[in-house]
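Engineer: Based on these hints, arrange chain B on the given structure of chain A.
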Amino acid sequence: DQQVKQNSPSLSVQEGRISILNCDYTNSMFDYFLWYKKYPAEGPTFLISISSIKDKNEDGRFTVFLNKSAKHLSLHIVPSQPGDSAVYFCAARRSGTSYGKLTFGQGTILTVHP
Amino acid sequence: DTEVTQTPKHLVMGMTNKKSLKCEQHMGHRAMYWYKQKAKKPPELMFVYSYEKLSINESVPSRFSPECPNSSLLNLHLHALQPEDSALYLCASSRISGETQYFGPGTRLLVL
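Taken in sequence, the protein lines are chains A and B. Under the working numbering, read the first sequence as residues 423 to 536, first letter to last. Under the working numbering, read the second sequence as residues 69 to 180, first letter to last.
Here chain A stands alone, though its shape is the one from the complex:
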């Protein structure tokens, strides 16, 4: 049962344009969502998070949008840079989970072309 889904395995974007990565979830008990970036042979790097009480959070070039009714979140990167090329994972935490288990999506490979 895949509770967090990233339906696009890959995304290709031109440098300077917007990258939009999408994530859907099925468990309405998730209350906290995170995006991580991962380069090959490295650990995931935390990018940005959003609580379920918000619908938008912004940090520099990165903005995360949350649509609770649709159980959908997206990560916008503007402007995209070649160094953004990596695998992006969305992750969700279930409310009431004292130990903070994260459920990850399958990842989306972003390629930003110069």
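Rather than coming from a laboratory, the hints here were simulated on the basis of the structure. Every clue listed holds true.
Here are a few chain A residues that sit away from chain B, every Cβ distance over 10 Å (derived from the structure):
1. L433
2. S434
3. G438
4. N444
5. N449
6. S450
7. N479
8. E480
9. D481
10. T485
11. F487
12. S496
13. S507
Straight-line C-alpha distance at most 20 Å; calculated DMTMM-like pairs for lysine to aspartate or glutamate:
14. K459/A x D446/A
15. K108/B x D506/A
16. K523/A x E112/B
If you're wondering where the values come from, they're calculated on a predicted model, not measured in any experiment. The beta carbon of each residue, even a glycine, is placed where N, CA and C say it ideally should be.
Structural biologist: Quick look at chain B alone, frame taken from chain A:
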């Protein structure tokens, strides 16, 4: 500073060997985690330590044995592993359980 360090970076071991993976953080975090990641898959949680006590074991086989000697260190002891245990092993920490987790670079393990 959000640095989590892991040693070794790479490890090759036979099925009869005993080895240990190490993880360290100096951010004052009181929750630490072990994840396993296979190629082209997301990380999968193995263990969670909260205030140096094991709080979650995600039904991990006993050939994996975690240890948290103090609040900054987390070990994963490996014994009698199988080739299918070959993966990237990631350590993470958070200020307390449930908060944003910060990952180390991982240990690439190959079991022959």
